[in-house]
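J.: Sequence:
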Amino acid sequence: MYSAETNDFLELTSEMLKFISEYANSNASDISLKLSKKKNWPKEFIIQQIIGKQKGKKKFPLWASCTEIVYPSLLAIEQASSETSAKYKASLVFGKKFLDLSGGMGVDCYFMAAHFNEVYYNEPSTELYEITIKNLQLLWNTKSEYKQKKIYFYNQSAEIFLQTNKQKFDCIYIDPSRRKENKKTVSLSECTPNVLLLLPELMERSNKILIKASCMLDIKKAVEELKFVQKVHVISVNNECKELLFECGKISVKDYTIECINITAKETQRFCFTFNDEKNCPPLYSLPQTYLYDPHSSVTKAGAFNIISQQFHLNKIAANTHLYTSNKIEKNFPGTIYKVLATVSLNKKEILPYLKQPETMWMLRHSAFTEKELIQKTGIKNSSSSIVLFSTRNLENKIIIIICNII
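Quick note: to get our numbering, add 1 to the position in the sequence shown (first position is 1).
There may be inaccurate statements among the hints.
[As the list claims (entries may be wrong)] Derived CB-CB ranges, DEER-like:
id : residue 1 : residue 2 : range
1  : Lys148    : Lys228    : 36 to 42 Å
2  : Leu63     : Arg394    : 43 to 49 Å
3  : Tyr24     : Tyr286    : 53 to 59 Å
4  : Ile408    : Lys58     : 26 to 32 Å
5  : Arg394    : Glu146    : 51 to 57 Å
6  : Asn281    : Leu396    : 20 to 26 Å
7  : Glu69     : Lys181    : 29 to 35 Å
[Claimed, not checked] Below are the PhoX-like pairs computed for lysine-lysine, each with C-alpha atoms no more than 20 Å apart in a straight line:
id : residue 1 : residue 2
8  : Lys232    : Lys221
9  : Lys251    : Lys167
10 : Lys97     : Lys151
11 : Lys340    : Lys329
12 : Lys280    : Lys232
13 : Lys373    : Lys350
14 : Lys251    : Lys228
15 : Lys19     : Lys40
16 : Lys267    : Lys332
17 : Lys39     : Lys19
Everything labelled a hint here was simulated from the structure, so no lab data went into it.
Where is the CB? At the ideal position from N, CA and C, for every residue including glycine.
Using the sequences and the hints, build the whole thing.
T.: Structure, rendered in structure tokens:
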């Protein structure tokens with residue numbers, strides 16, 4: 002356990018470690034109840050470790066595989082990149098010197114460090130800094146390739162680091178804290194540090210700046226504010242948009258590239274375009290045909306609504322829906338492809354024959370109403386998982402239900 006008073010870690014007893022292991026899969030309320038009987042135990046810290054281990058299994062499997070790992074606060078865990086997205090970002094960088102200016106849990110730093118000779122980790126929070134040093138040293142000591150690297154740790158604000166360290170780097174990475182007065186924030190100007198104020202200094206120190214941001218941020222607005230953006234990466238994991246990554250350089254690029262990435266266990270789907278591509282691409286429309294195409298979340302977040310239609314020879318079903326259709330299968334499409342069984346109106350008698358029996362499970366996608374509301378309207382219930390219902394409006398602005406099978 003980290004103690005702010007002594008600026009050090011307090012060792013957990015064998016009994017405490019046994020407790021953490023025994024209740025590793027329990028919920029917080031059950032753990033709190035059990036801990037209420039334990040006198041003089043660091044209860045909050047123990048709960049923090051158990052919750053960290055639970056979240057780490059999926060988000061940080063390398064961390065979870067090491068029993069000696071210490072987990073920081075839930076806020077730090079939430080702010081941290083997943084190993085999956087960190088590995089993707091690491092594939093974008095290489096060189097001699099790397100600086101992680103707001104290191105956090107160190108997940109990004111760990112994977113990016115593999116491509117550099119010298120690594121500089123900086124974190125303003127003393128508690129998080131101490132925990133991360135311990136964890137990174139544990140993980141790096143198991144890898145022979147890291148033992149040859151020069152790794153430096155700093156516990157300062159980003160501003161003080163840049164004032165006191167005048168080195169230049171091949172790449173600078175920054176993931177500013179998206180909290181202000183204990184509330185979540187999205188705007189770059191409200192994050193800590195304020196990267197908009199730091200950017201001129203960062204550009205003096207490196208030709209490559211990577212800035213991680215919330216997936217809720219408006220891409221066009223952020224590019225206007227940052228000014229030096231050369232490429233934007235929209236990163237999704239298992240079709241859930243996780244983060245934006247702005248790649249900045251000294252040469253200003255008007256028509257910057259947007260990389261739409263969706264990483265799954267089987268593959269990494271990519272789609273690349275520019276806003277000029279999108280602007281100069283008029284959409285084509287048609288009724289639902291043999292196949293239905295649903296782009297992954299990075300494509301829709303990036304706003305590639307028309308260019309994706311052109312590149313894959315697809316038609317949009319309506320102006321305000323992001324569903325596409327074709328009579329051919331485009332295997333490289335960045336998203337999910339469905340076989341259309343029928344297109345019907347919002348009517349139980351029309352829908353039910355395609356569900357084979359009333360208990361057939363269906364999923365509702367792209368709908369103006371909820372599954373519960375659809376059940377109330379039609380009386381159809383769920384129980385298996387072979388049918389997908391897409392609810393949208395057609396070119397005549399009428400609600401239609403597109404009944405599909407997942408291919």
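J.: Look at each hint and say if it fits the structure.
T.: So, going through the hints one by one against the coordinates:
The given range of 36 to 42 Å is respected by Lys148 and Lys228, whose C-beta atoms sit roughly 40 Å from each other. Here the CB-CB span from Leu63 to Arg394 is close to 46 Å, well matched to the stated 43 to 49 Å. Range check, Tyr24 to Tyr286: about 56 Å between beta-carbon atoms, so the 53 to 59 Å window is met. Our hint of 26 to 32 Å for Ile408 and Lys58 holds, since their Cβ atoms are close to 31 Å apart.
The supplied range of 51 to 57 Å is met by Arg394 and Glu146, whose beta-carbon atoms lie about 55 Å from each other. The hinted window of 20 to 26 Å between Asn281 and Leu396 holds, with their beta carbons roughly 23 Å apart. Remark: the range hint 29 to 35 Å for Glu69 to Lys181 is upheld by a beta-carbon distance near 34 Å. About 12 Å separates the Cα atoms of Lys232 and Lys221, which keeps this hinted pair within 20 Å; it holds.
Using a Cα cut-off of 20 Å, the hinted pair Lys251 and Lys167 holds, with the two alpha carbons roughly 18 Å apart. A distance of roughly 10 Å separates the Cα atoms of Lys97 and Lys151; the hinted pair therefore holds under the 20 Å criterion. For the suggested pair Lys340 and Lys329, the alpha carbons sit about 10 Å apart, so the restraint of at most 20 Å is met. For the proposed pair Lys280 and Lys232, the alpha carbon gap of about 17 Å is at most 20 Å, so the pair holds.
Proposed proximity of Lys373 and Lys350 is supported: the alpha carbons are some 18 Å apart, at most 20 Å. Using a Cα cut-off of 20 Å, the hinted pair Lys251 and Lys228 holds, with the two alpha carbons roughly 10 Å apart. Taken as a hint, the Lys19 and Lys40 pair is honoured in the structure, with Cα atoms around 16 Å apart against an allowance of 20 Å. Restraint check for Lys267 and Lys332: satisfied, since their Cα atoms lie roughly 14 Å apart, inside the 20 Å limit.
Taken as a hint, the Lys39 and Lys19 pair is honoured in the structure, with Cα atoms around 13 Å apart against an allowance of 20 Å.
Hint compliance for this structure: every hint is met.
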